[in-house]
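**Student:** Chain by chain, the residues:
Number of protein chains: 2
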Amino acid sequence: MRRSERIAIMTKILIQNPRMLFSLNYFAELFDAAKSTISEDLSLIKNTFQTFNEGHILTLAGAAGGVKYIPFLTREKILEDLEELAHKLQEPDRVLPGGYLYMTDIIFNPIFANKIGEIFATVFSNLEPDYLVTIETKGIPLALATAKAFNVPLVIIRDNSKVTEGSSVSINYVSGSTRRIQTMALARRSLQPGAKVLLIDDFMKAGGTAQGMQALMAEFKAEVLGLGILVGTVAPQEKLVDNYLALLELEALDEKEKNILIRPGEWIKKGDFTC
Amino acid sequence: MRRSERIAIMTKILIQNPRMLFSLNYFAELFDAAKSTISEDLSLIKNTFQTFNEGHILTLAGAAGGVKYIPFLTREKILEDLEELAHKLQEPDRVLPGGYLYMTDIIFNPIFANKIGEIFATVFSNLEPDYLVTIETKGIPLALATAKAFNVPLVIIRDNSKVTEGSSVSINYVSGSTRRIQTMALARRSLQPGAKVLLIDDFMKAGGTAQGMQALMAEFKAEVLGLGILVGTVAPQEKLVDNYLALLELEALDEKEKNILIRPGEWIKKGDFTC
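First to last, the protein sequences are chains B and G. Heads up: take any position in the first sequence, counting from 1, add 3, and you land on the numbering used here. Heads up: take any position in the second sequence, counting from 1, add 3, and you land on the numbering used here.
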């Protein structure tokens with residue numbers, strides 16, 4: 004078997020399973036090759052990915068060692084993707100009655116959802132969450148893509164208790180978009196107590212929903228490591244939660260003139276933009 | 004640049020973008036290589052994937068030609084994955100009060116969701132949907148993974164009309180799980196009239212929800228190409244919809260004894276199991 008054949012299969016397996024650790028033995032047995040050969044193959048993949056900015060290949064030495072693929076985008080790539088997203092989100096026919104912004108087609112598009120997931124995985128790459136957490140419905144594709152990049156389960160907070168999920172903990176909160184008291188609920192069995200979680204949602208205005216998510220996490224004694232939002236509004240400047248990261252910022256939305264102004268968040272300009 | 008380096012990058016790009024067509028020129032420019040060289044590289048990837056049952060690499064000749072990766076699993080691999088899923092779903096503590104089956108942790112796990120998406124993409128590989136359609140909430144991860152494999156947008160039917168999605172079409176239906184009249188709604192702008200759609204959901208008993216989805220698709224003049232379900236119940240034998248494919252069949256669930264019996268659907272035994 005030729006090196007380039009092994010490289011094709013190893014690349015596929017690593018890419019399809021981000022952050023999953025594969026032992027060198029696994030590949031050695033798969034290809035009936037020496038571990039030293041596999042090791043050389045992996046060095047080649049690692050260096051090539053580095054040259055082309057296609058993410059990191061991490062090799063861990065020792066008995067519990069192995070290799071894994073860490074999705075990681077460059078600042079240039081993130082900026083390019085966010086500017087493309089901002090451009091699309093500024094299309095005038097996205098303005099809905101009531102001054103809402105139509106984003107569903109983008110969020111539910113697997114290509115955009117995966118791009119956004121990889122961006123979240125990059126900016127939060129220093130965190131080691133046990134779970135990704137979101138609230139139904141529009142955050143789900145983004146959180147799922149991020150969970151895949153982190154190789155952790157996704158937990159979805161529901162808008163009320165469901166018979167198909169058993170006993171649950173629920174809280175009330177005031178949502179910014181409907182300006183009404185709403186409920187969010189999470190099945191007791193869906194989260195281990197003391198878990199470390201990363202919260203993801205699609206949109207944040209005042210932060211009522213995000214605050215609710217944090218309160219619900221407290222009920223599960225979960226430690227919130229971070230909060231990632233696709234689009235955050237600039238106003239109100241004072242939010243109900245601190246320490247969130249909005250990939251994009253909505254500066255203005257004029258319902259009558261159908262003008263929308265969205266730009267990448269200021270964090271992208273920081274020297275080290277990872278959280 | 005060495006062949007194995009090009010192979011690593013080409014494999015990554017193709018795998019991350021299932022069913023997306025890349026021209027040979029795209030790769031030739033990326034690597035500053037001759038098209039004949041790229042063509043040889045792609046043959047090698049194609050043959051290697053074939054040998055290892057890692058899906059199809061399809062090359063299309065001509066001016067509009069290029070190459071794409073088609074996820075495709077073997078019967079053996081599908082059976083292995085479904086038996087693993089069935090085994091997990093039969094854990095006694097999944098029986099919930101009311102005789103419901105707890106599946107959320109599996110459906111929301113990105114690894115399982117992607118496996119299920121690739122299985123749907125394989126069994127429905129002869130179809131060419133314009134959209135994947137599901138209904139919130141539990142079908143979403145499965146439908147998103149399937150949409151990714153088909154390289155088409157996902158459309159999510161909501162449980163009522165949302166201010167953030169503009170004008171919508173809604174219908175009433177009777178859900179099997181709650182035995183109540185419920186509403187499902189879909190934003191007008193989310194689906195082009197005359198579109199071809201593939202429906203995906205996580206669970207089906209009598210088929211009330213599936214029937215509702217079909218009725219809603221009729222409102223959009225959409226052509227339903229197929230209906231894929233993760234778990235279908237054996238009883239009642241008579242469903243409200245025809246021509247569905249359930250990856251797994253729930254034969255029995257004894258709430259008191261906490262016995263669950265789930266097995267891969269009979270379709271897997273057919274000579275050609277694709278739809």
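One or more hints might be untrue.
If chains are identical, the list can't say which one is meant, so a pair holds when it fits in one copy or spans any two.
List time: in silico DSBU-like cross-link candidates among lysine-lysine, alpha-carbon distance up to 30 Å [as the list claims (entries may be wrong)]:
#, residue 1, residue 2
1, Lys208, Lys91
2, Lys242, Lys49
3, Lys272, Lys38
4, Lys38, Lys165
5, Lys272, Lys165
6, Lys38, Lys80
7, Lys199, Lys259
8, Lys261, Lys165
9, Lys91, Lys165
10, Lys80, Lys49
11, Lys199, Lys91
12, Lys49, Lys208
13, Lys38, Lys49
14, Lys80, Lys165
15, Lys71, Lys242
16, Lys224, Lys38
17, Lys71, Lys165
18, Lys273, Lys71
19, Lys261, Lys49
20, Lys224, Lys91
21, Lys49, Lys71
22, Lys49, Lys224
23, Lys242, Lys261
24, Lys208, Lys165
25, Lys224, Lys273
26, Lys224, Lys272
Simulated from the structure, these hints should not be mistaken for laboratory data.
**Student:** Would you mind marking each hint as holding or not holding in the structure?
**Tutor:** Right, here's what the structure says about each hint:
1. Lys208 / Lys91: Within one copy only: 20 Å inside, 40 Å across.
2. Lys242 / Lys49: So Lys242 and Lys49 fail the 30 Å test inside a copy (42 Å) and across (52 Å) alike.
3. Lys272 / Lys38: neither (42 Å within a copy, 39 Å between copies)
4. Lys38 / Lys165: Neither. Shortest intra-copy (50 Å) and inter-copy (56 Å) distances fail the 30 Å Cα cut-off.
5. Lys272 / Lys165: Intra 43 Å, inter 35 Å, cutoff 30 Å: neither.
6. Lys38 / Lys80: Between copies only: 26 Å across chains, 34 Å inside a chain, cut-off 30 Å.
7. Lys199 / Lys259: Result: close neither inside a copy nor across copies, 44 Å intra and 35 Å inter.
8. Lys261 / Lys165: Only across copies: Lys261 and Lys165 sit 20 Å apart there, 39 Å inside one copy, limit 30 Å.
9. Lys91 / Lys165: between (36 Å within a copy, 21 Å between copies)
10. Lys80 / Lys49: Result: close both inside a copy and across copies, 19 Å intra and 29 Å inter.
11. Lys199 / Lys91: So Lys199 and Lys91 pass the 30 Å test across copies only (25 Å; inside, 34 Å).
12. Lys49 / Lys208: For Lys49 and Lys208, neither the intra-copy (41 Å) nor the inter-copy (48 Å) Cα distance is at most 30 Å.
13. Lys38 / Lys49: For Lys38 and Lys49, the Cα distance is within 30 Å both inside one copy (16 Å) and across copies (25 Å).
14. Lys80 / Lys165: neither (40 Å within a copy, 33 Å between copies)
15. Lys71 / Lys242: Answer is neither: 38 Å inside a copy and 45 Å across each miss the 30 Å cutoff.
16. Lys224 / Lys38: Neither: 43 Å inside a copy, 57 Å across copies.
17. Lys71 / Lys165: Neither way: Lys71 and Lys165 sit 37 Å apart in one copy and 41 Å across, limit 30 Å.
18. Lys273 / Lys71: For Lys273 and Lys71, only the intra-copy Cα distance (28 Å) is at most 30 Å; the inter-copy one is 37 Å.
19. Lys261 / Lys49: neither (47 Å within a copy, 49 Å between copies)
20. Lys224 / Lys91: between (39 Å within a copy, 27 Å between copies)
21. Lys49 / Lys71: both (10 Å within a copy, 24 Å between copies)
22. Lys49 / Lys224: neither (39 Å within a copy, 49 Å between copies)
23. Lys242 / Lys261: Cα proximity of Lys242 and Lys261: one copy only (25 Å, versus 47 Å across).
24. Lys208 / Lys165: Classified as both: same-chain Cα gap 27 Å, cross-chain 17 Å, threshold 30 Å.
25. Lys224 / Lys273: neither (32 Å within a copy, 49 Å between copies)
26. Lys224 / Lys272: neither (34 Å within a copy, 47 Å between copies)
Of the numbered hints stated above, those contradicted by the structure are hints 2, 3, 4, 5, 7, 12, 14, 15, 16, 17, 19, 22, 25, 26, listed in ascending order.
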